[in-house]
Each structure stands twice: as C-alpha cells, then as structure tokens.
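**Student:** Take a look at the letters that make up each chain.
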Amino acid sequence: MADLKENTSGQIIILSGFAICLSLIALAILVNQAMITGYYSSNAALEFPKHEIRDITSQTRESSVSIAELALRLNQSNNQSIEDNYRSLFNQYEQQMKTIYTIHGDEVHISLSEMNLTATAMNYSAESTVWVNISYNDGMTYYVSRPEIIEMGT
Amino acid sequence: MDDKAQLHTLEGVAAAILITMTLVIITQSATVITPQHEMMLDVQLEQMAYDALTLLDTAPSSVTSTNLTECVAGWDMNESNIQNNGLPSLDKQLFLLLPGYLYNVDLTYVQNEALVTKNVIVNGDPTEDSVIASRTVMLTNLSVDAAHGAWIIASDEIKVVEVRLTLWQI
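Chains A and B, in that order, are what the protein sequence lines are. Just remember that my numbering sits 200 ahead of the position in the first sequence, which is counted from 1. Just remember that my numbering sits 7 ahead of the position in the second sequence, which is counted from 1.
None of these hints come from the bench; they were simulated from the model. Possibly wrong hints are sitting among the right ones.
[Said to hold, decoys possible] Calculated cross-link-like contacts (lysine-lysine; reagent style DSS-like; alpha-carbon spacing at most 30 Å):
| hint | chain 1 | residue 1 | chain 2 | residue 2 |
| --- | --- | --- | --- | --- |
| 1 | B | 125 | A | 250 |
| 2 | B | 125 | B | 99 |
| 3 | A | 250 | A | 298 |
| 4 | A | 250 | B | 99 |
| 5 | A | 298 | B | 125 |
Full structure from sequences and hints, please.
**Tutor:** In structure tokens, the structure reads:
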C-alpha cells in the first residue's frame with residue numbers, strides 16, 4: 201500500500217478528466233442558451249400582431265384614396281357635398297373593418313379626424329388631405345396612430 | 008501481493024463516473040429545439056402566406072395579371088368545394104407563389120349587419136400545423152363591374168372583404 205500512496209501519476213488523469221468535463225458542460229450550456237433564444241424569438245414573432253397592424257394602416261390609406269375618388273364621383277350625381285359623401289362612405293368602411301376584426305378578438309377603431317378636400321373637375325388639389333385616427337388592441341398589444349395623414353392630391 | 012492495479016481500478020471508476028455524469032447533465036439540460044423546430048417553421052410559413060397576399064395586393068399590373076382586389080371583385084358569389092374552384096385567377100397566382108404548399112381561401116364580409124364567410128378555393132382539410140394569413144380589400148360597384156363579378160353593391164356603398172388564406176405543408 202505504501203507504493204500506492206507514493207504513486208501520484210493518476211492525479212493528472214483525473215484532473216484532465218475534470219477539465220474536459222467542465223469544458224463540455226460549459227459548451228452544452230452555451231448551446232442550450234442559444235437554442236432557447238431562438239425559441240423565444242420565434243414565439244415573439246408569432247405573438248406580435250405586426251401583420252394585422254400593417255394591414256389596417258395600409259388598407260386604410262388605400263381605401264381613403266378610393267373613397268375620396270368615389271365621393272367625388274357621387275358628388276356629380278347626388279346633391280351632397282364631397283365631404284358628406286366621404287364621411288358616409290368612411291363610416292361604412294369603419295364599421296365593416298371593426299366587425300371583421302372583432303371576430304379575431306381584436307378591437308379596431310378607425311375614425312375620421314379632419315379633412316381638407318378641394319377638387320377641381322374630377323381631380324383633387326395637391327393640398328387635399330385627410331387625417332384619420334387608428335387604434336388597434338388585441339389584449340396584448342396596443343397600437344395607436346393619431347393621426348394618420350393621408351394625402352389625396354396627385 | 009501485487010496490489011498496484013487497485014489504484015488503476017479506482018481511477019477507471021472515477022473517470023467512468025465523471026464521463027457518465029457529464030453525459031447525463033448534457034442530455035438533460037439541452038432542450039431539443041433545433042432550427043427545424045415546429046414554431047420556427049410556423050413563423051416561416053406565416054411569413055410566406057402574408058408575403059403572397061401582400062404581393063398580390065400591392066404589385067403593379069405589370070407584375071401580376073390581376074391583383075387581389077380585382078380577383079375578389081370578379082367572384083361569381085358561388086361557394087366552392089374541392090372540385091369547383093371559385094376564383095381560378097387567384098388560385099393560379101397563389102399556385103405560382105406558393106409551390107409545394109396546399110392552401111384554402113375564404114372570403115369574409117359584412118352583409119345585412121351579419122358576418123358572412125364563404126369558401127372560394129378548397130384544396131382539402133388543413134393539417135394541425137397550418138397557418139392563417141389574412142388581408143382586407145375594399146370593393147365598390149365600379150371595381151365589381153370592371154371585373155365582371157356578381158357582388159351586389161350600390162353606387163353609394165363600399166364592401167370591405169377579408170381574404171383569409173389557410174396554408175399548410177404535407
């Protein structure tokens with residue numbers, strides 16, 4: 201047994217084993233952290249309603265211009281002003297968007313804040329502008345754009 | 008008696024315990040999440056679905072033969088099934104934009120203050136990992152007349168229609 205106590209060459213092997221094991225554990229933890237980060241970023245990308253918000257704002261801008269063209273056309277055939285026609289059509293747009301988004305559990309408010317519509321013949325002047333308030337709420341994300349400035353003139 | 012091997016045996020046992028413990032810790036701590044994880048695939052699939060609808064809605068006429076609004080405006084108002092496709096022009100473009108994927112398309116709109124949903128393209132039952140993308144379009148009687156559709160919209164009315172694309176991969 202005396203020889204065994206004096207023979208210390210095995211200590212290096214055990215220390216090397218320790219060092220290798222600790223390195224492997226450290227590497228495993230690092231890899232795991234990177235993977236978990238990917239998991240949470242994917243989850244966040246799915247949860248955040250960026251597509252819905254983009255759709256509401258882009259569709260409102262596009263529809264506002266189309267509604268303005270329709271309001272101008274209606275002005276030629278009925279006795280209502282361009283503003284009254286625009287307001288009536290925009291109310292329809294607002295109500296229908298609100299109803300459609302309600303079935304997704306989202307609350308959407310689109311309201312006409314202000315308008316400056318001046319037309320010459322069948323075209324709007326360059327300074328024709330509509331100010332629209334948009335708000336979106338799905339219980340987790342609240343988005344507001346007050347006002348969304350939409351230029352009508354060409 | 009030669010008892011020198013005892014220390015070698017002890018070293019062997021200690022090394023085996025270390026390696027076993029290391030392997031146990033690594034396998035238990037590493038969550039099995041790879042770049043091919045289901046959630047990452049859902050993100051990619053959802054992005055593709057939204058990109059396809061956005062492209063069809065916003066691309067200039069030189070890029071697409073009929074944009075999303077024109078496709079929807081030309082609907083004959085008949086609900087579709089798997090044999091009968093209600094919007095062939097939209098189906099043709101989605102087939103080109105989403106090769107190798109299956110999809111259904113529904114239209115949702117407000118009629119007489121009630122919400123109506125109709126199937127217009129049906130390619131089967133979606134799988135559990137399908138994703139849904141939607142985009143709204145606005146129709147007027149002018150756009151419907153131009154596309155020869157069957158929507159009934161008065162001259163002082165507009166119709167907001169949600170195009171809902173359900174996309175999945177087999």
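**Student:** Taking each numbered hint in turn, which are not upheld by the structure, reported in ascending numerical order?
**Tutor:** none
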